[in-house]
Amino acid sequence: MRCICLSGRELQGLRMNAESKAWDQDLALARIQELERLPGGLLPIFHALQEEFGYVDKAAIPLIASALNLSHAEVHGVLSFYHDFHREPAGRHMLKICRAESCQAMGCETMIRHVENRLGVKLGETTNDRSLTIEPVYCLGNCALSPAVMLDGKLYGRVSSDVADFLIDDARRHA
Amino acid sequence: MSLKIYVPGDAAALSVGADAVARAIKDQIASRRLDATVIRNGSRGMFWLEPLVEVETPRGRIAYGPVTTDQLPGLFDAGFLDGKPHKLHLGVTEEIPYLKNQERLTFARCGITDPLSLSDYVSHGGYRGLERALKMTQMEIVDEVTNSGLRGRGGAGFPTGIKWKTVLNAASDQKFVVCNADEGDSGTYADRMIMEGDPFVLVEGMTIAALAVGATAGYIYIRSEYPHAFRQLKRAIQIAYDKGYLGAHVAGSGKRFDLEPRMGAGAYICGEETSLLESLEGKRGQIRFKPPLPAIKGLFGQPTVVNNVISLASVPIILDKGAPYYRDFGMGKSRGTITIQLAGNIKHGGLVEKAFGITLREAIYDYGGGTASGRPLRAVQAGGPLGAYFPASLLDTPLDYEAFAERKGMLGHGGIVVFDDTVDLARQARFAMEFCAVESCGKCTPCRVGSTRGVEVIDRIIANEDREKNLELLGDLCEVLTDGSLCALGGLIAYPVQSAVRHFPEDFDKPAPPLPPPAAGRNQEAPSWR
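From first to last, the protein sequence lines stand for chains W and A. Once you know that position 160 of the first sequence is 159 in numbering that gives the first Met the number 0, the rest is easy, because the numbers rise by one and skip nothing. Once you know that position 473 of the second sequence is 472 in numbering that gives the first Met the number 0, the rest is easy, because the numbers rise by one and skip nothing.
Because the hints were derived from the structure by calculation, they are not lab data. Any given hint could turn out to be false.
Claimed, not checked - Derived CB-CB ranges, DEER-like:
{"id": "1", "chain 1": "W", "residue 1": "R112", "chain 2": "A", "residue 2": "P504", "range": "26 to 32 Å"}
{"id": "2", "chain 1": "W", "residue 1": "G119", "chain 2": "A", "residue 2": "E505", "range": "35 to 41 Å"}
{"id": "3", "chain 1": "W", "residue 1": "A72", "chain 2": "A", "residue 2": "K468", "range": "40 to 46 Å"}
{"id": "4", "chain 1": "A", "residue 1": "A462", "chain 2": "W", "residue 2": "E87", "range": "46 to 52 Å"}
{"id": "5", "chain 1": "A", "residue 1": "N100", "chain 2": "W", "residue 2": "R129", "range": "49 to 55 Å"}
{"id": "6", "chain 1": "A", "residue 1": "D475", "chain 2": "W", "residue 2": "S70", "range": "38 to 44 Å"}
{"id": "7", "chain 1": "W", "residue 1": "D164", "chain 2": "A", "residue 2": "M330", "range": "45 to 51 Å"}
{"id": "8", "chain 1": "W", "residue 1": "S70", "chain 2": "A", "residue 2": "R255", "range": "32 to 38 Å"}
{"id": "9", "chain 1": "A", "residue 1": "E280", "chain 2": "W", "residue 2": "G106", "range": "38 to 44 Å"}
{"id": "10", "chain 1": "W", "residue 1": "K121", "chain 2": "A", "residue 2": "D458", "range": "15 to 21 Å"}
{"id": "11", "chain 1": "W", "residue 1": "E108", "chain 2": "A", "residue 2": "K254", "range": "51 to 57 Å"}
{"id": "12", "chain 1": "A", "residue 1": "G73", "chain 2": "W", "residue 2": "E108", "range": "33 to 39 Å"}
Think of the CB as a built atom: it goes at the ideal place given N, C-alpha and C, for glycine as much as any other residue.
With the rest of the complex left out, here is chain W (with noise of 0.2 Å):
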């Protein structure tokens, strides 16, 4: 009962997307074979298989319902409630940026505005050239260093528009 789940692998779903491989059924198969027994296995497997393509493909649907027993709508519903899974490929970048009451308080809807306007998108969305995404976040646990970010989950304190600026021109350069 150790933590296989995690077991020999870097952090789950939060590796950069960059490094996301194509969909690949076989892939697929074993990392969810690999995780089907353990208990309550649903999360791990949606986390290890983001972490290995960047999302969970809806083809993974029908594999994880068959391992784990369950209806293809009991998966999607799970799949569907969490905030963290995507259902699509996201940009080659996450950049996630918090707007909860602390980072508020230290101005981060300006902070937000600036970014959104320079990259043409709002928060949710994906760059045209699909090297960034921007998501909202509630709390990333920085409070006393407000404003936060986290970058293809890396945590940033203090972040201004500037600083903001500097990390999504750092992380475009290495897209």
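Given the coordinates of chain W, assemble chain A onto it according to the supplied hints.
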């Protein structure tokens, strides 16, 4: 002996460059051919000073901060390895008033030890609580926790010992201990800090809980927004297994306890214990009816202790030093210490562990130093997104569960978010409803539908459409949400909304300001229940 230099590996410290500083220090050590090692400790919780670098000297640990990489050659030249003066010199760490005036029980080791060194943990009093617990009966352990007066630190404040007793008395072959590490409240980060800065204290606390109630397996449900804490805890659990503190023979006792971390998936509602259990079972994180209580029918239908990180991390010191030691801190029915987290527009943001009873004003001014912007403080939100907005006139409220309840507020998990006079409370009330709409699990109609209607009503108030009538409607709606929701999300969302109306009526009586763009969904597709 090699000199020790401490550079925090805490995620917040990393967020302002601690990794780069640690690398640069190693470069300096190498190029200057010095005999020194860099230890990545947890954070001391003084975040405005991060990255806070400490060096060990015969006078004790000397702190410098906030350190940037370009200042390092100068620091080495000035002799910082001997604790010599420099403009970043802060003196002996323990003597910094912010730290010196705290009562650190749960956070006694955080920032001091190497978080992943079990020998460090043990030499600083770790596993003494478990050692004592192993010599006690199950009932004696539960009584010790009950007598300490410890109440759930996640927000609800339910007596921990009573919860344990219910699980102990429930007959079952399989029981579970579940740690709620889904710390989603804005303004809170104590759980994250302890998981990154002293993870073994949580492992020990859970092990004691398991012994007390007769559980053999446990889960830590960590939110996905905390990838760093997740990795740290995963490593700590592996070390505890390797050293025989987890597994088939906990500390050689012959008792089994298996522990596994699980990652959430970005749903605030999974911080509610029954949603969390559903999520751990691999289901939608929807609220369960209570009763049955999780203590009777919890995870996979078995008796389950569900406790917050700080509650469980407080257990080892209670077992080590005894219930009276812990109980002697605090006031009224709030015993022990509270981990205050100063956040938002605050000059000296950070973690302050104090006995219950210090006032909001003392926390914000004596520790926090007032607003970061230097502008007058206008509002304070304690207890996360479901906590009330207090005006400056309520700053003398003591931090105590009952005192907050009397003022229609909530102490919650101890997060205090400060706003200066640029805040618009009508906008904050709107945000509260919007947040509830985004994060509602969809089970109860008042919360699922009422939150969206609430945003619309507040929009009409802000736009000055039938203001009086709509304010009355908002009051009605809040009442329906409070009375008609199963859990705290719908049940408490009236706190921030109505406190904003009550204490800051002038913000609801202004010409219409430009509205923010419509709320962006967090998924590409709207949740299926809408």
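For each hint, the structure was consulted:
A hinted range of 26 to 32 Å for the beta carbons of R112/W and P504/A is consistent with their spacing of about 28 Å. Checked against the hint of 35 to 41 Å, the pair G119/W and E505/A passes, with Cβ atoms roughly 37 Å apart. Checked against the given bound of 40 to 46 Å, the beta carbons of A72/W and K468/A, roughly 42 Å apart, stay inside it. Look at A462/A against E87/W: about 36 Å separates their beta carbons, and that is not inside 46 to 52 Å.
For the pair N100/A and R129/W, the beta carbons lie near 52 Å from each other, so the given range of 49 to 55 Å is met. Distance hint check for D475/A and S70/W: the Cβ-Cβ separation is about 40 Å, which falls inside the suggested range of 38 to 44 Å. Distance hint for D164/W and M330/A: a CB-CB separation of about 48 Å, consistent with the stated range 45 to 51 Å. For the pair S70/W and R255/A, the beta carbons lie near 35 Å from each other, so the given range of 32 to 38 Å is met.
Checked against the hint of 38 to 44 Å, the pair E280/A and G106/W passes, with Cβ atoms roughly 40 Å apart. In this structure the hint that K121/W and D458/A lie 15 to 21 Å apart at CB holds, the actual value being about 19 Å. One distance hint, 51 to 57 Å for the beta-carbon pair E108/W and K254/A, holds here, with the actual separation near 52 Å. For G73/A paired with E108/W, a C-beta distance near 38 Å keeps the hint of 33 to 39 Å intact.
Consistency with the previously given hints fails for number 4 only.
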